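Two chains, two frames, some hints: make the complex.
So you can see what is in the structure, the chains are spelled out below.
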Amino acid sequence: MTLESELREEQVSHLGLSGFSKASSGAAVRDVLAQLRAERHNVCLITDANDKLVGIFTDRDVLRRVVNAPETLDAPIDDVMTKAPVTIRPDLSAAAALRAMDENHFRNLPAVDEHGAILGDMTHQSIINFLASRYPVEILNRPPDPERFPRKQEGG
Amino acid sequence: MSTATTEIQLTRKDFVSDQTVRWCPGCGDYAILAQMQKVMPELGIPKEKIVFVSGIGCSSRFPYYMDTYGVHSIHGRAPTLATGLAVSNPELCIWVITGDGDGLSIGGNHLIHAIRRNVNLNIILFNNRIYGLTKGQYSPTSRQGKVTKSSPMGSIEQPLNPIALALAAEATFVARSIDAHTQHLEETLRRAAEHPGTSFVEIYQNCVIFNPNEWDGLSDRSVRDDNILYLEHGMPMVFGKDRNKGIRLNGFTPEVVELGNGIEEGDLLIHDATSTQLAFILSSMEYPQFPAPMGVIRDVRKPDYVSQLMGQVQTAQAQRGVGDLNKLYRAADLWTVNEREDVAAKVAGELSLDMDEEYVDNLDKADMDATTQVQDQLIESSIADLNPHVPITIDVQSSLERATRQLNLHNIGCLLVTDARDQLVGIFTERDVLMKVAGLVDDLSDAKVADYMTPSPVTIKPDQPIAQALHLMSVHGFRHLPLVDEQGHPTGIISSRDVVAYLNQAVN
Ligand code: SF4
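So the sequences go chain by chain: A and B.
Read in order, the letters of the first sequence are residues 1 to 156 in my numbering.
Read in order, the letters of the second sequence are residues 157 to 664 in my numbering.
One or more of the hints may lead you astray.
What follows is a list of derived Cβ distance ranges for each label pair [stated by the list, open to error]:
| no. | chain 1 | residue 1 | chain 2 | residue 2 | range |
| --- | --- | --- | --- | --- | --- |
| 1 | A | Gly-116 | B | Glu-326 | 47 to 55 Å |
| 2 | A | Ala-100 | B | Asp-641 | 50 to 58 Å |
| 3 | A | Ala-100 | B | Leu-166 | 37 to 45 Å |
| 4 | A | His-105 | B | Gly-407 | 56 to 64 Å |
| 5 | A | Asp-31 | B | Val-379 | 39 to 47 Å |
It should be emphasised that the hints constitute simulated quantities derived from the structure, not laboratory data.
Since we're looking at a predicted model, the values are computed, not measured.
The C-beta atom is built at its ideal place from N, Cα and C for all residues, glycine as well.
The shape of chain B in the complex, shown without the other chains (with noise of 0.2 Å):
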């Protein structure tokens, strides 16, 4: 999708937005909400530019975590919806977000039409293979034989495959990633993002509390490597932890090769993401018979619906002039419909503040499947265990020069910035000297560090598990940590070295 620029500044924070989040702990939504966050502000868009449209799902939550334009609209009728904005305000840079439920089971019909149609919109379906936000039914893509409350003996149903679906309804732009890759999934938003006219997107995504395993063997980073099949254009299709297999086609049928023993690459099939043969081979490609396809399988230029559309509704005001919406309102039969009377308005229930329970056992199993001992860890060491060493502090009002000093005294990496009431106020490091002082800053004797370090810097409590300094660092790439206590004086700081050394020596 592509959309006049002009240099704007945002960065990841100015699209997540002050809603709490309501997904279950472990949800895979979680991971893609932080990709699309990381991925915003790099497409350059003015946020006033962007909508999130969604439907109903656990998925259709989206639009209130990010801080853009957003609709939470009608069950499967998102893309409905969205082809309206579109052709209203063709400016727009509209995302649709949608599941296996909302998208495939009711909105079936309205996702295929918009697809056909190549409006300029960015679909993405979250694929768990169940209903979650019904609490577990199967869904149009669960298997066949899958065992789920509303198939007791196991599905009968013959599953819906999302991309060869896209296929056939002849989408421009069809492609597939994984929650828990995280770069694979940001290159794969960007390039949807991209591409102008309808880009569709499945995402593998991992409903934690009523189809955890579904994923097994793709997201698991030890193993997914031998799993996944990276599709690049132009390129063999080379894959393994070791990319010593490959697919090679047998007349019309793909067949897993090893490399070596007289076969090379070059007998391999080179991905060609605009060939319409190819993508469909790809898109029959189920794991586990084959590695899972991921990346762009089909990128084709088409006209899109809009433009084509507005091209016809100018000739049309050349020809005969700009239309009266009243009149051609009024030229038909008209009458009037008497005003019906009140009907009360029913009081909504008080929700209810107490657990649900069977959330609640839920929530206990997840947690009692760690099988290894790092899962352990994670949950139950907390922060504290790691022992954070004492923070240096630097007094807000001080200098550059002696902030640098004072990171090389005590030959460390990372400050810690107080204002006058002792309240941690930012973060100066290592990184910041490289990227905004060295070479750039004349006189440190004269430029203060806080117009230099990273201001109200995100902190984490010593009660927390390990898994939160993970998650905090893996998502936003910090190297360091600062720990506050309730009145926000710095107590701490862990570095990422401390958590790996930490993990790496905790025996039993």
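Looking at chain A on its own, in the form it has when it is part of the complex (with noise of 0.2 Å):
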């Protein structure tokens, strides 16, 4: 099985999707920084009064347009953000929804069912969390320092 193949059977729901901050539209920018730095997020989703998802704002936001512009953090998020931004449904499959971020060089898709209910964010650590837990043997049982490697089986 190729990971496209495998990624066919999954749902995107399936997949470990990543977290996510959460602000008003009209939130400034200063606020939604502390939020993020305080929930160690890298994204923040921007919803309106209906709970409707309006837009996204990343780090990679932030690097473009906020750090080297210090009057935009007392701007509404809407200014820096980026748009109505392209999600997807919690049932398409995951090589579909990997392809999607392929092609429009997303690094995320935040995953909206369909009461507008927003269940996550699909990130590649995502398909890297699905990998490794789907191979644990040879992902996350490594030895820690791969240089170090036990010359016996020694296990106690």
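Shown next, in the form of structure tokens:
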């Protein structure tokens, strides 16, 4: 089985989706930054008054639009976010979602169900985590330092 | 387990010792160690208050690898030793690491008595259903019919059920998890640490050399969610990849039902971690007849042993004054034992440096078992096959202004920071910009990248397998990994996107 064929059998909702912060449209950039830091996330999804997703703000946006422009700190997040981000349905196959990411050079694809509820954020890390738990013997259970290898089987 | 804490900032690295980890490559113990090292700093307990105590067996090497206090103690006696430690210093956060052999064969008795006393311990039992260290004999948890080196015609013994045993010993906290499910394991260990009194956790652990298929169905990511019942207190027992199955009670007997066709969530059992009866029902549910229950099975509060014991000591001292051990000692008959002649110490044999042949055979076998193409690629393809990008480097003396400009100019997420000799000394990423710089540093031209980078980053070599990159990315959450040559000069960089793209595109 190739990764492609394995991911075809998984739905996006079966992957361990990445965590995200959530803020309201109109929030000050400064506050969103503080929230991302407190919650240790790289991504903030921005919603309107009806809890509908209207934008996405990532560490890439911080680098491109905020860090060298201190005046944006007090502006609303809407000025620096990416508006109307592309989303995917949680029952889409993981292979199709990955293809969508690669074709569009996206690093984040929020999964939103038919009621508009945001379930998580699909990232390349989601695929890495999927693979790690799919192949724990090869990936997770490696000696921490590959250059210091036990010469003998000696568990105890 | 609760201990008074002050604000201390420890990281995962603080709990990694300098010892070479000696488990077989592929052993599930590695995943458990990684999660333990991840959970430890989050508990906010100073390192000098943490002790890992073990007995004998593969799992019992654990204390060497944790940079805390540790005791590699006597076979089966870790709970006993730990009880003594808890009594003599109730402030300690004590972890007992044991296995199905150490904890349930020779140490079975010690285990149940520590549990029934509700000593403030976290007892973690690695269950691989085999003797690993002694090379593959059946253990007290091996299934009936299991063919092993000591049961060539299949084991005729009824296996022990560790969860039921702990419940029978009136454990106040009982949980189960599995090595390969890192998030679940992390959460379960944290819950165990938080519980005052004895916490007993059974971890299904893969002995890749002597019992590699024991947890098939539970460890494999693509099927596990259909075979595991994740328990959550107060929630109906729904399970399945698509959350379409559940557990219903039929008289005293649990049964698996499909949701729909008149069966709703309301018909299902609700998990109650305070119910003794329900805990026993859950303990009787064995995979594959049932989904394996995982998570916190029982969580109740009872007075712990040490505080009650100390209470009695205080009462006695208040009534009769502080005792004198020496006086008590000399109060009974005394006699003298004459000194014996010295027995010449046996000279220990030199450690053999040759590879153990059986071990090598087993390792080869484990490698040949690759069943999917991805599995092949993980081991056979090297980092060099990914065609790592040429890294963009920046001098460690540079300003933050220059660093952020470079990132934007090259439209990249990560810079490698080098010193005057062109050696890699740090990594500076867009995540650092978010976490430490934006809105926090007023004058970027005045701040040095050296103060905001991540120093001494974890690196990778071109000849290492792709699995190593995935390992580092999944265990540590890294998005980028720098490559360095023998002299420590940066030669390339790979990202999680590169790894995924390579695996996704490589055909045959
Ligand atoms: S013998 Fe089994 S349990 Fe022991 S270190 Fe090797 S794989 Fe792990």
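Hint check results:
1. A:Gly-116 with B:Glu-326: 47 to 55 Å: holds (48 Å)
2. A:Ala-100 with B:Asp-641: 50 to 58 Å: This hint is violated: roughly 37 Å between Cβ atoms.
3. A:Ala-100 with B:Leu-166: 37 to 45 Å: holds (40 Å)
4. A:His-105 with B:Gly-407: 56 to 64 Å: holds (58 Å)
5. A:Asp-31 with B:Val-379: 39 to 47 Å: About 43 Å separates the Cβ atoms of Asp-31 of chain A and Val-379 of chain B, which means 39 to 47 Å holds.
Going down the numbered hints, you'll see the structure goes against just number 2.
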